[in-house]
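J.: The primary structure of each chain is shown beneath.
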Amino acid sequence: MTINWDTDLETQIAEWRSYLHRRRELHRADAEELEDHLRSTITELTEAGLHDDEAFLVAVKRMGSVDELSREFTREHADRLWKQLMLTAGDDGPASARSRTDLRVMIGCAVAAAVAIKAPALFGLELGDDGFFYGRNLSLFALPPLAAYFAWRRRTPISGVGLLALLFTFGVVAANAYPLADDADTAVLTALHLPIALWFVVGVAYMGGDWRSDRKRMDYIRFTGEWFIYFVLLAFGGGVLIGLTAGAFEAIGLDTQAVISEWLLPCGAMAAVVVAAWLVEAKQGVIENMAPVLTRVFTPLFAATLLAFLGAAIWTNSWIDIEREPLIIFDFLLVVVLGLLLYTISARDPAARPGIFDRLQLTLVVSALIIDIMVLLAITSRIIEWGSSPNKSAALGENLILLTNLAWSAWLFLGLIRGTAPFARLERWQTNYLAVYAVWAWAVVFAFPPIFAYA
Amino acid sequence: MHITKDLVAASATPLVLGILAQEESYGYAILKQVSELSSGQLEWSDGLLYPLLHRLERLGSVESYWRAPDGVRRRKYYRITEQGRAELAEQRRQWGAVVDALRGIWSAASATRTISAPASEG
Chain A
3 MTINWDTDLE TQIAEWRSYL HRRRELHRAD AEELEDHLRS TITELTEAGL HDDEAFLVAV
63 KRMGSVDELS REFTREHADR LWKQLMLTAG DDGPASARSR TDLRVMIGCA VAAAVAIKAP
123 ALFGLELGDD GFFYGRNLSL FALPPLAAYF AWRRRTPISG VGLLALLFTF GVVAANAYPL
183 ADDADTAVLT ALHLPIALWF VVGVAYMGGD WRSDRKRMDY IRFTGEWFIY FVLLAFGGGV
243 LIGLTAGAFE AIGLDTQAVI SEWLLPCGAM AAVVVAAWLV EAKQGVIENM APVLTRVFTP
303 LFAATLLAFL GAAIWTNSWI DIEREPLIIF DFLLVVVLGL LLYTISARDP AARPGIFDRL
363 QLTLVVSALI IDIMVLLAIT SRIIEWGSSP NKSAALGENL ILLTNLAWSA WLFLGLIRGT
423 APFARLERWQ TNYLAVYAVW AWAVVFAFPP IFAYA
Chain B
200 MHITKDLVAA SATPLVLGIL AQEESYGYAI LKQVSELSSG QLEWSDGLLY PLLHRLERLG
260 SVESYWRAPD GVRRRKYYRI TEQGRAELAE QRRQWGAVVD ALRGIWSAAS ATRTISAPAS
320 EG
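Those protein sequence lines, which keep their order, are chains A and B. Under the numbering used here, residues 3 to 457 are what the first sequence spells out, in order. Under the numbering used here, residues 200 to 321 are what the second sequence spells out, in order.
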């Protein structure tokens with residue numbers, strides 16, 4: 003073992019090693035063991051008179067293809083494909099130091115979010131009594147810490163942090179500066195739209211200021227879907243925790259109602275916003291994205307449902323006389339369809355040829371379009387009949403926005419299936435359209451209260 | 200002569216255990232020994248030995264430790280455990296049975312051939 007490894011050979015071995023390190027099923031120790039083997043072979047071959055280069059090639063060849071190797075390792079260590087998401091990497095190294103810091107920052111932000119929702123209580127605003135205040139401000143407790151977490155992760159420069167702070171200040175102003183009665187329609191609209199408006203601010207933090215880029219926007223769409231799924235999972239877990247806690251304490255005669263509703267539930271929910279985001283970031287690339295998987299399952303089902311509904315509506319001839327409650331359901335339905343559309347697009351291989359699934363998408367979009375037109379007609383007739391109100395105007399605006407998106411998406415899908423429009427146009431259409439949602443949400447939050455005289 | 204994949208796979212465990220029963224060793228040396236023992240007939244793709252060693256370790260037949268023989272680079276050594284020795288004995292019994300059976304059929308086959316060969320000629 004007294005061979006002088008020249009630098010060329012060392013570089014080659016280093017390349018080979020980094021190639022192994024990219025395989026998740028091969029741990030560092032395994033790579034080290036294999037490298038030792040490779041070096042032994044090379045030593046033997048060079049001693050037999052081969053050049054370094056040749057010896058390296060032969061040794062690598064003898065080792066077998068890395069694909070085959072990882073397959074064998076996977077067979078033996080199947081668990082490794084499952085257990086990738088560890089809180090911190092087991093080995094020491096710069097990567098794990100970084101992930102430990104990341105964990106600490108995340109916990110800090112989560113705690114900040116949890117504390118934030120209790121802060122107004124210091125000024126006498128109790129969660130139980132001032133529900134409207136909390137409803138309007140809900141997104142202002144958790145989303146700034148979430149944006150702070152991303153600002154830290156993306157090493158956002160100070161100017162970027164300033165911009166984020168300014169945008170969140172706008173949010174605070176919008177939620178609290180107008181003289182709104184607690185139960186005014188516009189107050190409720192603010193409570194509904196401010197989270198959306200601020201979610202786009204978080205998006206600015208997520209994209210590290212690079213929010214003009216298509217790719218980054220699409221990443222944020224993906225992130226949003228995954229975040230939502232993780233949040234729901236955490237909420238389920240939290241529900242079980244709360245149920246068990248309440249039950250266990252009740253068994254020994256203690257009433258935990260107040261602790262749960264005043265502390266555990268609100269603080270937990272706020273912290274979960276940050277934790278879910280961290281989970282998405284941590285598991286990125288490790289586990290298959292869930293949102294597109296769910297879309298695959300539900301797109302055909304929703305398409306079938308919408309077609310069935312349209313069929314039934316034609317059959318019973320009950321088009322226009324849709325009342326208020328069903329209108330809201332239809333709006334939700336349209337938002338879900340849009341979500342299905344977005345996540346299908348986010349997961350589709352841009353180079354793939356148009357297939358049966360794209361036709362299915364087109365069916366879904368077209369039937370959603372028809373339903374959207376029905377809803378629009380119903381809203382318009384209500385506005386003509388009863389005059390406009392903040393709610394009806396907001397619904398009208400949102401349906402028009404959806405209609406535009408769905409109509410153009412349908413057109414682009416048609417082009418895609420016919421082979422006249424590349425998939426990238428559909429993708430860019432959706433990512434560009436995000437700006438419309440953002441502008442609309444901010445407009446509802448800022449402009450609606452004065453327009454409708456704070457009603 | 201090319202030995203089929205199935206045979207290589209089936210004989211891998213007793214070979215590795217047998218080598219480790221003589222003395223503790225590491226992957227590269229084990230492969231060298233296999234090659235010498237079979238006069239180069241048994242060819243393993245080098246990398247595939249390690250998943251096998253890891254499986255034997257998980258099952259408790261061998262245990263491993265790291266050592267740096269030249270003081271520079273550390274190397275993973277394997278040694279057989281009591282359980283591994285028992286496994287080896289069991290494998291040996293099974294292989295013995297297989298080899299006996301095969302030997303029986305080979306001699307029977309060669310006997311038939313020596314009898315039937317002249318008959319077909321005549």
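In short, the hints are calculated from the structure, not lab data. Certain hints may be false.
Think about it this way: if two alpha-carbon atoms lie no more than 30 angstroms apart in a straight line, the pair counts; the simulated DSSO-like pairs of lysine-lysine are [claimed, not checked]:
#1 275(B) / 231(B)
#2 204(B) / 285(A)
#3 120(A) / 218(A)
#4 285(A) / 231(B)
#5 231(B) / 204(B)
#6 63(A) / 275(B)
#7 275(B) / 204(B)
According to the in silico footprint, chain B covers these stretches of chain A (three or more CB under 8 angstroms from chain B) [what the hints assert, rightly or not]:
#8 62-71
#9 221-231
Owing to the predicted nature of the structure, the values given are computational and were not obtained by experimental measurement. Cβ atoms here follow ideal geometry from the backbone N, Cα and C, with glycine treated the same way.
J.: All hints are to be evaluated individually against the structure, with a verdict given for each.
T.: Against the structure, the hints:
no.	hint	in the structure
1	275(B) / 231(B)	holds, 16 angstroms
2	204(B) / 285(A)	violated, 38 angstroms
3	120(A) / 218(A)	violated, 34 angstroms
4	285(A) / 231(B)	violated, 41 angstroms
5	231(B) / 204(B)	holds, 19 angstroms
6	63(A) / 275(B)	holds, 22 angstroms
7	275(B) / 204(B)	holds, 26 angstroms
8	62-71	holds (count 5)
9	221-231	violated (count 0)
When each numbered hint is compared with the structure, violations occur for hints 2, 3, 4, 9.
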